[in-house]
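Number of protein chains: 2
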Amino acid sequence: MLLKNALVISHRIIKKVVMPGDIVVDATAGNGNDTLFLANLVGDAGKVYAFDIQDTAIENTRKKLIDNDKYNNVKLIKDSHENMDRYVPDGVKAVMFNLGYLPGGDHSIGTKPSSTIRALEKALSLLKPNGIITMVVYYGGDSGFDEKEAVMEYVKTIDYKKATVLVHEFANQINCPPIAICIEKCK
Amino acid sequence: MLLKNALVISHRIIKKVVMPGDIVVDATAGNGNDTLFLANLVGDAGKVYAFDIQDTAIENTRKKLIDNDKYNNVKLIKDSHENMDRYVPDGVKAVMFNLGYLPGGDHSIGTKPSSTIRALEKALSLLKPNGIITMVVYYGGDSGFDEKEAVMEYVKTIDYKKATVLVHEFANQINCPPIAICIEKCK
Numbered sequence: 001m002l003l004k005n006a007l008v009i010s011h012r013i014i015k016k017v018v019m020p021g022d023i024v025v026d027a028t029a030g031n032g033n034d035t036l037f038l039a040n041l042v043g044d045a046g047k048v049y050a051f052d053i054q055d056t057a058i059e060n061t062r063k064k065l066i067d068n069d070k071y072n073n074v075k076l077i078k079d080s081h082e083n084m085d086r087y088v089p090d091g092v093k094a095v096m097f098n099l100g101y102l103p104g105g106d107h108s109i110g111t112k113p114s115s116t117i118r119a120l121e122k123a124l125s126l127l128k129p130n131g132i133i134t135m136v137v138y139y140g141g142d143s144g145f146d147e148k149e150a151v152m153e154y155v156k157t158i159d160y161k162k163a164t165v166l167v168h169e170f171a172n173q174i175n176c177p178p179i180a181i182c183i184e185k186c187k
Numbered sequence: 001m002l003l004k005n006a007l008v009i010s011h012r013i014i015k016k017v018v019m020p021g022d023i024v025v026d027a028t029a030g031n032g033n034d035t036l037f038l039a040n041l042v043g044d045a046g047k048v049y050a051f052d053i054q055d056t057a058i059e060n061t062r063k064k065l066i067d068n069d070k071y072n073n074v075k076l077i078k079d080s081h082e083n084m085d086r087y088v089p090d091g092v093k094a095v096m097f098n099l100g101y102l103p104g105g106d107h108s109i110g111t112k113p114s115s116t117i118r119a120l121e122k123a124l125s126l127l128k129p130n131g132i133i134t135m136v137v138y139y140g141g142d143s144g145f146d147e148k149e150a151v152m153e154y155v156k157t158i159d160y161k162k163a164t165v166l167v168h169e170f171a172n173q174i175n176c177p178p179i180a181i182c183i184e185k186c187k
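Protein sequences appear in the order of chains A and B.
Going by this note's numbering, the residue at position 32 of the first sequence is 32; the numbering climbs one at a time, nothing skipped.
Going by this note's numbering, the residue at position 96 of the second sequence is 96; the numbering climbs one at a time, nothing skipped.
Bear in mind the hints are in silico, worked out from the structure with no lab data behind them.
None of these values were measured; they are calculated from a predicted model.
For every residue, glycine included, the Cβ atom is placed at its ideal position computed from N, Cα and C.
Worth double-checking, as some hints may not be accurate.
Unchecked claim - Cross-link-like lysine-lysine pairs, in silico, BS3-like; alpha carbons within 27 Å at most:
| hint | chain 1 | residue 1 | chain 2 | residue 2 |
| --- | --- | --- | --- | --- |
| 1 | B | 64 | A | 156 |
| 2 | B | 64 | B | 16 |
| 3 | A | 4 | B | 122 |
| 4 | A | 187 | A | 161 |
| 5 | B | 128 | B | 63 |
| 6 | B | 64 | A | 16 |
| 7 | B | 64 | A | 15 |
| 8 | B | 161 | A | 16 |
| 9 | B | 70 | A | 15 |
| 10 | B | 122 | B | 161 |
| 11 | A | 161 | A | 4 |
| 12 | B | 4 | A | 15 |
| 13 | B | 187 | A | 4 |
| 14 | B | 70 | B | 47 |
| 15 | A | 4 | A | 78 |
| 16 | A | 128 | B | 4 |
| 17 | A | 187 | A | 16 |
| 18 | A | 122 | A | 162 |
| 19 | A | 156 | A | 187 |
| 20 | B | 161 | A | 4 |
| 21 | B | 4 | A | 162 |
| 22 | A | 64 | A | 75 |
| 23 | B | 47 | A | 122 |
| 24 | B | 112 | A | 4 |
| 25 | A | 187 | B | 4 |
| 26 | B | 161 | B | 4 |
| 27 | A | 4 | B | 156 |
| 28 | B | 70 | A | 4 |
| 29 | A | 156 | B | 156 |
| 30 | A | 16 | B | 112 |
Claimed, not checked - These stretches of chain B come out as covered by chain A in the derived footprint (C-beta under 8 Å, 3 or more residues):
| hint | region |
| --- | --- |
| 31 | 3–17 |
| 32 | 26–38 |
| 33 | 79–88 |
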């Protein structure tokens, strides 16, 4: 199949824009999959800043990076992504978000609408022109609906002169398939 | 910019799936741009069936093909796309739709919700496994809203075991930017 899921869409877009030497952010380290993906793309000359508020996520990510010998170009930060501007310099090429709870973790400790939107505002401000934010929005089951609605409403209000927002929705799938949102900062 | 418009999205997807020798359909020939695009992709070993109900569209398309020396592998059909099964054999690789009125033409003679949906059903049935339908949905100004709503509702009802529907919407643009809908038939 050519049409895969939201995660594949976000990775395809990131692969098109992130180059060796770039500064990038994994706003939701989770189990470290995107952190490792980004570490491979930016290489030793680049830098990945990876955020999570959960000890488990930071430790899982650290372990994944060490196992794959990709630790030197990653900075793991145990803090909310809404504070990313305290750690990350301007001129970021891409910021990846996975919104929802930590896969395999506690569904009650997920990302929350208000801090997610503050994090998105910070991410937009840190991005360089033509930089990209990707968001994979997980919802359904017992959580995530409020956050999905809040994020969808927020992205509609982003000034079109500042950034372009493209929403990818799988319209006929069952069980709330994740949505991929891509935001490209204008020149 | 990486994120372009709905037309560019549909062309990117078609380029990934349509190969020399394929049978394809331009369901809305209009001014012939997509017919020519498809004729170039399928080459002399392939076949493009191009439909339009307006004489002007058929003539504009014919002229464009002749000017570009791409006429031998195209069949122009002045009939509604809802009758495409009368002309097109099974095993189609891709069907392209531009929904709305003929650019530069009479806004009162646009595609209509009921016939568009019958055409979509025919297109789905003619497609080979992993074949693709693309729709660029123009709406706004004085027309197109009913059709957009009808198409968006219809695609949600397509059985997910038969096809995957991916909707691309530009969420923060002004003036009703066109929507790109992509439908991939399952194996």
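Right, here's what the structure says about each hint:
Our distance criterion of 27 Å between C-alpha atoms is broken by residue 64/B and residue 156/A, whose separation comes to about 39 Å. Restraint check: the Cα-Cα separation between residue 64/B and residue 16/B comes to about 24 Å, which is no more than 27 Å; the hinted pair holds. About 24 Å separates the Cα atoms of residue 4/A and residue 122/B, which keeps this hinted pair within 27 Å; it holds. The straight-line distance between the Cα atoms of residue 187/A and residue 161/A is roughly 9 Å, inside the 27 Å bound, and the hint therefore holds.
Under the criterion of a C-alpha separation no larger than 27 Å, the hint pairing residue 128/B with residue 63/B is inconsistent with the structure, at around 30 Å. Of the supplied pair hints, the one linking residue 64/B and residue 16/A is violated, its CA atoms being roughly 33 Å apart against a limit of 27 Å. Taken as a hint, the residue 64/B and residue 15/A pair is broken in the structure, with Cα atoms around 37 Å apart against an allowance of 27 Å. Of the supplied pair hints, the one linking residue 161/B and residue 16/A is violated, its CA atoms being roughly 31 Å apart against a limit of 27 Å.
Between the alpha carbons of residue 70/B and residue 15/A the distance comes to roughly 35 Å, so the proposed pair goes past 27 Å and is violated. Restraint check: the Cα-Cα separation between residue 122/B and residue 161/B comes to about 17 Å, which is no more than 27 Å; the hinted pair holds. Annotation: proposed proximity of residue 161/A to residue 4/A is violated, straight-line Cα distance about 30 Å (limit 27 Å). The suggested pairing of residue 4/B with residue 15/A holds, with an alpha-carbon distance near 17 Å, which does not exceed 27 Å.
For the given pair, residue 187/B sits about 14 Å from residue 4/A by alpha-carbon distance, which is consistent with the 27 Å threshold. Taken as a hint, the residue 70/B and residue 47/B pair is honoured in the structure, with Cα atoms around 11 Å apart against an allowance of 27 Å. Proposed proximity of residue 4/A and residue 78/A is contradicted: the alpha carbons are some 32 Å apart, above 27 Å. A hinted pair counts as satisfied when its Cα atoms are at most 27 Å apart, and residue 128/A with residue 4/B qualifies at roughly 18 Å.
For the proposed pair residue 187/A and residue 16/A, the alpha carbon gap of about 17 Å is at most 27 Å, so the pair holds. For the proposed pair residue 122/A and residue 162/A, the alpha carbon gap of about 14 Å is at most 27 Å, so the pair holds. As the CA atoms of residue 156/A and residue 187/A are separated by approximately 19 Å, the hinted pair is consistent with the 27 Å bound. Restraint check for residue 161/B and residue 4/A: satisfied, since their Cα atoms lie roughly 14 Å apart, inside the 27 Å limit.
Between residue 4/B and residue 162/A, the direct Cα distance comes to roughly 15 Å. Compliance with the 27 Å bound is thereby established for this hinted pair. Of the supplied pair hints, the one linking residue 64/A and residue 75/A holds, its CA atoms being roughly 13 Å apart against a limit of 27 Å. For the hint linking residue 47/B to residue 122/A, the alpha-carbon distance of about 51 Å lies beyond 27 Å, and the restraint is violated. Under the criterion of a C-alpha separation no larger than 27 Å, the hint pairing residue 112/B with residue 4/A is inconsistent with the structure, at around 30 Å.
Between the alpha carbons of residue 187/A and residue 4/B the distance comes to roughly 14 Å, so the proposed pair stays at or under 27 Å and holds. As the CA atoms of residue 161/B and residue 4/B are separated by approximately 30 Å, the hinted pair breaks the 27 Å bound. Proximity of residue 4/A to residue 156/B is assessed by CA-CA distance (about 17 Å); at most 27 Å being required, the pair is judged to hold. Our distance criterion of 27 Å between C-alpha atoms is broken by residue 70/B and residue 4/A, whose separation comes to about 34 Å.
Of the pairs offered as hints, the one joining residue 156/A and residue 156/B holds, with about 22 Å between alpha carbons and a cut-off of 27 Å not exceeded. Note on residue 16/A and residue 112/B: the hinted pairing is violated, with a Cα-Cα distance of about 38 Å set against a maximum of 27 Å. Interface restraint, the region 3–17 of chain B with chain A: holds (4 residues with C-beta to C-beta distance below 8 Å; minimum three). A count of 0 residues in the region 26–38 of chain B with a Cβ less than 8 Å from any Cβ of chain A is obtained; the coverage claim is therefore unmet, three being the minimum.
Residues of the region 79–88 of chain B with a Cβ under 8 Å from some Cβ of chain A number 0, which does not satisfy the need for three, so the listed coverage is violated.
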